[in-house]
Amino acid sequence: MYHHYHIDKKELPLGPNPVGKMLVTRSAACMNCGRCTLACVYKVHERSPVDPRVMWEPHSHLCKNCLKCVENCPQRALEVRISPVYSNLGEGIWTPTRVTTMWNESQTGKLPVFGAGYRGMFVGPGYDSMWTDMSEIVRPTRDGIHGREYISTTVDLGARVDHLEFGPSGQLLTAMPPIVQVPLPILMDVSRLTDLGTKALEGLIKAASTLGTFLFIPAEAKLPAGLGEAEGCLAPVFSSGKTAAPTVAAPKIVEFEMSPRWKEDLAALRSRFPGAVIAVRVPVSKGIEELAVDLVSGGVDVLHLLYDEQGKEQGTDRLARDSLLAINKALAQKSLREAVSILAAGGLAAAEHVPKSIICGADAVVLERALKVALGCHANASCPVCPMTDDKIDREFAYWRTINMIGAWRDQLLEVMGAMGVREARRLRGEIGRAIFYEDAERDAFANIQGGA
Amino acid sequence: MVDAVNGIKNEAIPPLGGAECEDFVQVPSRILQRMNRYTVTRTDNCIACGLCAALCPTGVHRRIEGHVRMLHPAEARCIGPTCAANDYYCVKNCPTQALTIAPNPIFNSMGDPRWTPDMILATWSQAETGQPIPLDHYTQTGNCGGGFDRIKFPLPPMRGNFEPEEISTAIDLNHRKKGPRVRINLPVYGGGMSFGSISKRTMSARAMTATEWNTFTCTGEGGYPDVLVPYKDHVITQIATGLFGVREETIQRAPIVEFKYAQGAKPGLGGHLLYEKNTPEVAKMREAVPYTSLFSPFPFHSVYSVEDHQKHLDWIHSVNPRALLSVKVSTPNDVEMVAVGSYYAGANIIHLDGGYGGTGAAPEIAKKNIAQPIEYAIPKVHRFLENEGVREDLTLIASGGMRTAMDIAKAIALGADGVVIGTAEMVAMGCVRCGNCESGRGCPRGIATTDKELELLNEIPTQARRLSNLYRSWQMQWKELLHRLEMTDIRELRGRTDLLRYDGVPGRMTL
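Heads up: the protein sequence lines correspond to chains P and Y, in order.
Whatever position you read off the first sequence (first residue = 1), add 1122 for this note's numbering.
Whatever position you read off the second sequence (first residue = 1), add 705 for this note's numbering.
Watch out, some of these pointers could steer you wrong.
[What the hints assert, rightly or not] Under the rule of at most 27 Å between Cα atoms (straight-line distance), these lysine-lysine pairs were calculated in the DSSO-like manner:
hint: 1; chain 1: P; residue 1: 1364; chain 2: P; residue 2: 1385
hint: 2; chain 1: Y; residue 1: 989; chain 2: Y; residue 2: 1157
hint: 3; chain 1: P; residue 1: 1364; chain 2: P; residue 2: 1232
hint: 4; chain 1: P; residue 1: 1165; chain 2: Y; residue 2: 905
hint: 5; chain 1: Y; residue 1: 1016; chain 2: P; residue 2: 1186
hint: 6; chain 1: P; residue 1: 1321; chain 2: P; residue 2: 1456
hint: 7; chain 1: P; residue 1: 1143; chain 2: P; residue 2: 1165
hint: 8; chain 1: Y; residue 1: 1016; chain 2: Y; residue 2: 937
hint: 9; chain 1: Y; residue 1: 882; chain 2: Y; residue 2: 937
hint: 10; chain 1: P; residue 1: 1143; chain 2: P; residue 2: 1385
hint: 11; chain 1: Y; residue 1: 1157; chain 2: P; residue 2: 1165
hint: 12; chain 1: P; residue 1: 1186; chain 2: Y; residue 2: 882
Keep in mind the hints are simulated off the structure, nothing from the lab.
Can you build the whole structure from these sequences, using the hints too?
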């Protein structure tokens, strides 16, 4: 029977004191008249439950900045400002808005819906300077409410052969490389994360198992006991030269770290795990195109490209968007693109980065810091106290928060694919004809304007 | 309504006058009295000597005779720390050092890069006073670092003989050889906002202003409330895929019928009225079940081709032969093909809605990431239609992210005939862009709401007057611009990209 892929979600707040964008303060001038309680439709202002004669401290996290309380306060006792905690969230492309959006997605599992139009910058770095295209009249996904239920997000990971050979009696001569299917183009990786407690890890393993995706973990990591079937979702990552290290039994994907002796590592893993997809994780830096061609020619099944948390190559200023496009092009020119799957990791700070990475040439993305943010991380290197230490997180919390966020991201992927008229995530890969790039659009529109591109 | 706040009375607003719109009425609002870049604070050290009141020429400080204390400073009137250069600077002159002027954190909490706090305040100010702002004022552009925010008109100096009444801002909406001639006095009409997304009062106010200015407003999808019938000659009715509230009588009533294929803020996704705003009244109008989410799926399920589209337009034409047909589409890469297809199908107006426009409710991922901003689509379509030789037969209307008079002028210079406005109208009515239009009780300011109680916050004549003031201010700005450019008709401005300058080197912005 047809199994409809579905992600169940469960509302789960981050904690008792949520961080809101606004900070509402009540000065000593307040005369407890209660006009603010009448003005506010979001219940920011309340009388004290202990003594109804006085006003309670405002519930700032509920404030939506409509300023009605400020306007109605006869004593000018109220002030609404951007909360300093909010301003300090994230860094670089991990903006406060993105961090809080991810928190909300992890809490509710819903895709964010707001009114009043777009509020941000015209374009931004990397993925933020491209738009996905949509088709106005002809839609392949016109069934159902938005046709979403007929969109497949399944992707295949592994090498593919470009043709099949058959013997004289019709028998297949080609050795078929191993391949795994993932029901959504999102994998998870904890091997580059620090400060992740064991309970959080347990939750993430369970989430990966439920989602049907994979979680990369260091091969030598101590695994929680009693994983059972969930162990099947683990993809061990071997350090160079340590391919014999003990790890989970029969993994479907194994990975080794890029090093000068990668050929030996690849051969060793291939013989140790003959049925597994072999991936190599490559920190992306200058010359990645040639390296990618070498690695794919050398027989790796999956390229796992590591960008930094700002989505940049190491040692250069090139961003993942341009890097992926270049790698894809280099592989295509050598007719090697179909011989490999590409995973993009690093700098994935919003749901829209998933379809955009895929359009630029990745088969799937790998979440790292986003997993921590789902659990409450502030995504800021200078954060004084980690809010997600092990004593505050239990397994179920980590599980549901991760499921919620990835579920919300998948829903958003479906929205974008529905708008583009693309029915399969497999077909989205490298589909740059269905995207609009800032540089091209700018040149087309403004080339004939003085000072234009 | 509250009678008076901070000494400003909510006086009865006179009804709108005739079509001349030369006069205006000041419409005070409480919120603008409170908002300024700067805040003025007075500590308990104040001995109420009244020196500040005597010195300040803008009237920030005041003491009512017989009172022992000063009134709270009228911060909105303060010109800020630059006043320190003046002899009458209150902070310096206060004998007890009780006064301070500092940046106002409330001001900085408003707005966003596209609608800066200054721009919101400037729009409020225009809506309240009807007075224009300078063409090169910094509130004419936002801070989003691209598109209209980087395109400028290098302004020639003001010459003599400026006679505003000699300059026309009217445009024609039907450029085909047949069909009724429809001319509107402004290059602007109101965008589709459905009953359900906004209140009946807001709809009425928009229709009232549209009638006064001889332009149009649009019902959006979701029925045609009876309160709009008196203004029916200035109300466009919309047909979207959900066909909510579409009836033969409302089509026959409308001088323009708009087909909505897509909305720029959520292209390819369809319309969505969240269940909380679908009150029994809204549901009745839409012939739907109350408190259920209502979708208008994308696109029309009966339109697979230009021929199908033509069949749709023919249907409307047979129901109402005198109606102009408008087609609202969003801005994909092949938007010019869509435009020319609509032309051959018989549309009079092609309405392009760009991705940075307003919405009652849209997934965040859709607003920025699907289809392109209107700044790119206008020149593309304009040039393509010119090359096809059909530009003069089609009216090109743009919308999605135009906020000020100069944005509209830029859109016209890029190639549009006119512009459709939505968010700016809401801001004129008092919207602070808190962005919760989709939520249950809707807008806390009572504009985009279907809540019976919140709706009462606004009076129809007041809102209509504010909107009218905004249009007056805009019209005066366009007239001044045309005069400086040595033009007498806004239609001369169309496609004049040679008058524009792209400001700064195109490059990557930061978030």
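Hint by hint, which ones does this structure get wrong, listed from lowest number up?
-> 3, 5, 6, 10 and 12
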